[in-house]
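Quick one: dock chain against chain with the hints and give me the complex.
Going down the list, the protein sequences come from chains A and B. The first sequence: position 421 = 421 (the UniProt record's numbering), numbered continuously. The second sequence: position 175 = 175 (the UniProt record's numbering), numbered continuously.
Nothing false has been slipped in among the hints.
For lysine to any residue, the following SDA-like pairs were computed, each having C-alpha atoms within a straight-line distance of at most 20 Å:
id	chain 1	residue 1	chain 2	residue 2
1	A	K182	A	V167
2	A	K231	A	A407
3	A	K187	B	L162
4	A	K417	B	T66
5	A	K159	A	L360
6	A	K111	B	V67
7	B	K264	A	E85
8	B	K79	A	L414
9	B	K123	B	F196
10	A	K310	B	L280
11	A	K44	A	K322
12	A	K397	B	P176
13	B	K71	B	F60
14	B	K264	A	G81
15	A	K418	B	I73
16	A	K403	A	E218
17	A	K418	B	F60
18	A	K312	B	V67
19	A	K403	B	P176
20	A	K397	B	L261
21	B	K264	A	N83
22	B	K123	B	I199
23	A	K63	A	R73
24	A	K111	A	L419
25	A	K418	B	R64
26	B	K71	B	S55
27	A	K295	A	R373
28	A	K418	B	D76
FRET-style restraints, in silico, Cβ to Cβ:
id	chain 1	residue 1	chain 2	residue 2	range
29	B	A56	A	N96	23 to 33 Å
30	A	V139	B	V104	48 to 58 Å
31	A	N82	B	G38	31 to 41 Å
32	A	Q59	B	L233	53 to 63 Å
33	B	V129	A	A362	57 to 67 Å
34	B	T83	A	E55	36 to 46 Å
35	A	V314	B	K79	37 to 47 Å
36	B	K71	A	A215	26 to 36 Å
37	A	K276	B	T83	45 to 55 Å
38	B	V104	A	K231	31 to 41 Å
39	A	S239	B	F310	42 to 52 Å
40	B	T68	A	E55	33 to 43 Å
Simulated from the structure, these hints should not be mistaken for lab results. In this text the structure is predicted, and so the values were computed from the model without any measurement. All residues carry an ideal CB built from backbone N, CA and C; glycine is no exception.
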Amino acid sequence: MSALSNSNWDRRSVLRAAAGLAALGPLAACGGNTGREGGGSSGKGLVQYFHAYGEAGTQEAIKRYAKAYDEARVTTQWITGNNFESKLFSALLTDNAPDVFEFHPQLQMIKSGQVAPLDDIIAPVKDDFNPADIKSHTVDGKVYGVRMIDDPQFFYYRKSVLEKAGVGVPQTLEELAEAAEKLTTDKVKGLFLGNSMVSTNYALVWAAGADQLNAKNEIAYHTDDVAAALKVYRKMFTSGHLLLDAPADYWDPSALVQGLTAIQWCGMWAMPVMQKALGDDLGIFPFPSAASGAKPAVYNGGWSMFVNAKGKNVDLAKEYVKWLWIDQKEYQEDWALSYGFHIPPRTSIAESATKLKSGLPAEGVKLFTDYGRFDNISWTQAMITALEEVIANSVRKGMDPEKALDAADKKVNLELKKLFG
Amino acid sequence: MSTTTTRDATRPAPAKVSKTKPRRGMGGSTFNFWLFTGPFLIGLVIFVYIPIGWSAWLSFFEARYTVTPDKFIGFDNYKLMLTNGDFTKSLVTFTVFAAIIVPVTWALSLGLALMVHRLRFMKAFFRSVFFLPTACSFVAASLIWKMSIFSGVRFGMMNTVLSWFGVENIAWLANPNPPWYWLVIVTVRLWLQAGFYMILFLAALQNIPPELYEAAAIDGAKPGWQTFRYITLPQLRATSTAVILLLLVAAYQAFDEFFNLLAKTTWGRPPLVELYYTALGDDQDYGAGSAGAVILTLLICTVTLLQGRFMGFGRGEETK
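Same shape as in the complex, but just chain B (with noise of 0.2 Å):
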């Protein structure tokens, strides 16, 4: 086998990189990276960044009926949001919800993920009919809920099917007692982000190599409950923990539902919504509305932390 003759010839010539002229203080590479990445970043530190700082600073201001206020108040506002018992009862109806809905959600895509998996035939079809509702908006799909399916009328498609059973009209929605308000949210937000994570599950458990199921059948491990609880789980970690994480952010920053399920209601009310209330729908109260956001970026920030702690984000990988 030669060695020296060939050598040259078979290189991949990398004319084109060698024949660029070097820019000065910025490589191609570099070039490329602020070209994609540039018009994002504007993006970015335009309508989140500058936003973010703006809402701090505001939340120190007496901002009633503007923007650009001039009346500093410390933390005035940050103690009437604390001490407002409607702000406060969201964050802690909020914090029981979130400690509902994440379980459920990542239950739910996790069995989808796992059905859709083990399909031989008609795959992609079951995977984009369970992906599909996540196209829909929150809007849209909050309507078709509350003026069709949970209608309170003698039509709604809930109150039709529970009329053969002979069971009276419910008024899903308009009564808190019983609560059944919970289950029109809970069944839309689930229709609505089941198949996103289901997707997520889906890549991971495509990733699992086949190697680990086979050794463990070699040492007797039974299929089913066994190989999923020994194998399949612990190989999710990685997905699981950033699922929950998106889920938990996501069920505090719950906003379109509430809004067009609830409205006029003191139940059942997100963070969010009241803040709309406390800097839009009433008081136009922009320095209160802001302090809040302010603790609720800061609970956000801190459960966010303490999930990634307790179950160790970015530690997937390593801990495999």
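Just chain A, same shape as in the assembly (with noise of 0.2 Å):
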């Protein structure tokens, strides 16, 4: 006898349970973060969508901003990991894509029509912009997204160490290649470039005299000077003077502070942590010369506000921006000063930060300012991986520099003729 014909068990009791279940399905959901919960004085909600940073208070900084605004109630979405990007490409493509969100200008996003133009909420404060950011943010005369926070990337050092080593400050990247190699013992490594190596990608470019792309928006990084310093990188690479595969990547500042490294990559928000750990033993400098006659390079990346012009709330989204990365001047100065150091991109803000005018911080909004590149709004995400492939092949993998940048040629062609036909 087939035992599902046999009902020994109460079939009301299971369709009563079910009903119990289906009951209880609202209250469950008074306790799920939806995202778009209604609230605020007015009712309405906003989802804001930020990567997850390092520096300890900046989750519970931004709710709480997000909380003191009145004319909506705004839920954040904290993506940790390295999945931000992914998360959020593929968010913007469904109805519960965030109103707002932080990101890169990055051109193919205006051209799908992702993000909406800003032109009447920065008007007013324009002049108040460090105008490169607005230039990295503008497409035919609109501005796209509002700078929250400029981040500088150059190398920090332990004076100490080098000083013990007989070390300069190197000037050009070969005597970066040669300080590394000075300064690498048994238990320290000279250099840390990130455990994949691509963070310096741009400023590796710009101090080779290139660019990414020149103004007519074609391939300009493709040069001789280039494809010499990715040799002198591969050197680097194969001599066993660079930390690779530490536990954390460039970004986090414990390579340095737990010396397993002299000299490290990494951006101006770490500053403070290593201030903390080393005093007065730390120094930082440019990404050096890499062919002659071209200038140091610092990369000032940095994150941006964006309204999903898609989005079901595009202008109580564009009012919240407003308010936040506008208007409240404290909060702007709190988020780029109170947890990590960033540069803040209005001037009338950065020209009154205390903590930024001495000292290695002052040093820092030198280098900025002095050799400081801004993102390409052109140069998009595939880009950035042709670019990253070029590191891995050419100097991880031991191709010839040459054959490495033209097969990224043949991506960023394609991308190109696809942005620009």
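Given below as structure tokens:
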């Protein structure tokens, strides 16, 4: 006899249980964070996406700012791990897309209508923003996104370690390679460029006198000097003087603080932690010149706030962005200076920031001003990966740099063709 | 012996079944069937079959930054993926990977099963010990392997052990020459998978009738290799076929450990990581990504069918 045909259990009980579960549904929903709950004094809701910052207190700060907004209840999705981009990109295709989100200016998002122009909210204070920030967010005269923070990236070093080894601050890429060799001991590696070595991509190109794209949006990174610089990188990689496979990547100050390396590429955000751990035994310098006559380079990263153009509450989202990232100067200053160190993109805030006026932070600001280069809005995600593959193939795998650059050219040209025809 | 008076009294009463009114078009067993399988079937349709269909549909459209495209482009996405060196290279790499990891995992899980099966004490303990890693996520295990065991710094576990023998630090994952990263990947996969397949083999080993071994012993078969070769292994044929099938599919669908261990590399990239970067990471090209997914599905189906035909999948019971 089939077990299925024997109705020993009480079917009504099962149905009652199912009905009970269904009744519990709304209760469960009360406790769930759907990201769409109404709230605030007006009953309207907004969702914002943030990647997880490494500095302690940042998540609480963002939620505190959002809670202070009276016109809508703002829910924050704090996305951990290294998949912020993929989560954002996939969410933007759905009805559950965030209303506002932080990201970097990229042309493909504008071309595909994913982000809204924000000229109307920026116009009154446009002159107060760093002009380079405005330029890096502008397409066809329209400004997309409000810069929240500028994050210069440069080399940090232990002054005492360099002095002990008789090494001066490197002025060229070759000198950097030599310094790495002299500073390497049984316990300490000379230099940390990040685990995948792609964090210095742009600085390497700029310091070799090239650029990602030229003014006509054509490839500008493929030069003899860049290929030569890649060979120096390869030499450093195979020499055993680089810190590789560190537990935390370049953005975390632990490699330098824990004494795993003497020099580390990192962002200005990590300066307070490094200063707390190392005191005055800490110096900074830009990515040194990698070609004759070329200037050193500092990558001015950062994060900007964008409004989802296809969202359900575009106007409200713009109002929120205006309120937080244009009107609330105390929050902007708090965000830039109370956790890690970032340079406020608003000139009026940057000028009044006493924490950046002296000592190492002031040196960081000077490097930002003297050598800083900003994001190119036409340099998109696919191009970013293409250049990262050049490092993977030519530096770590040993492919001829010219061939690696040729392979990148194909991918970048394909992307440029899609963007500009 | 009475055959007439006691018959009705001893027969099991089919009271409940006979009293139930027959339902129109849906008997009790049918109702039960749908009650239990219905929710799963709905889930299967919504989360598996519709996405597969949608993906196949997307693969014929230009779908950059959208999953509801309107520009039909025929087989262009397929051409793009098949002429894209990265994707085709990943298919070849993972055919090689499958050719290595499948027999190694098969042998290890079978070896563990034989070992645990023969234990006279603490059998349940060792069975649990070997099975427990299956409960760990690939992501968590990958991070432990990367940051603790195979970290490239001097206090990484493997480097610490090697330093006792005077060996310098090895960058296990950063340097593709020599390709130590395969050691990291293969060990984490073996640790996570072998226990599960061991359980399958254990179940199969317990189903082998002891009479077979007794008969073999009477016929003069020596215990050990001879018995294993001529009795155990043939009796495990159906299970082995199923295990190899599952391992093959798992090898081609590898993602988590490769994504977490080898980020920003161009080597050791499985097809699914390539598709992930095509669809989400770089291009947001859902059309090309879908075409790649269809190609990969067809490849897995072909390899599976060939393997099934070669090893006689589903014929295990008949050939016993």
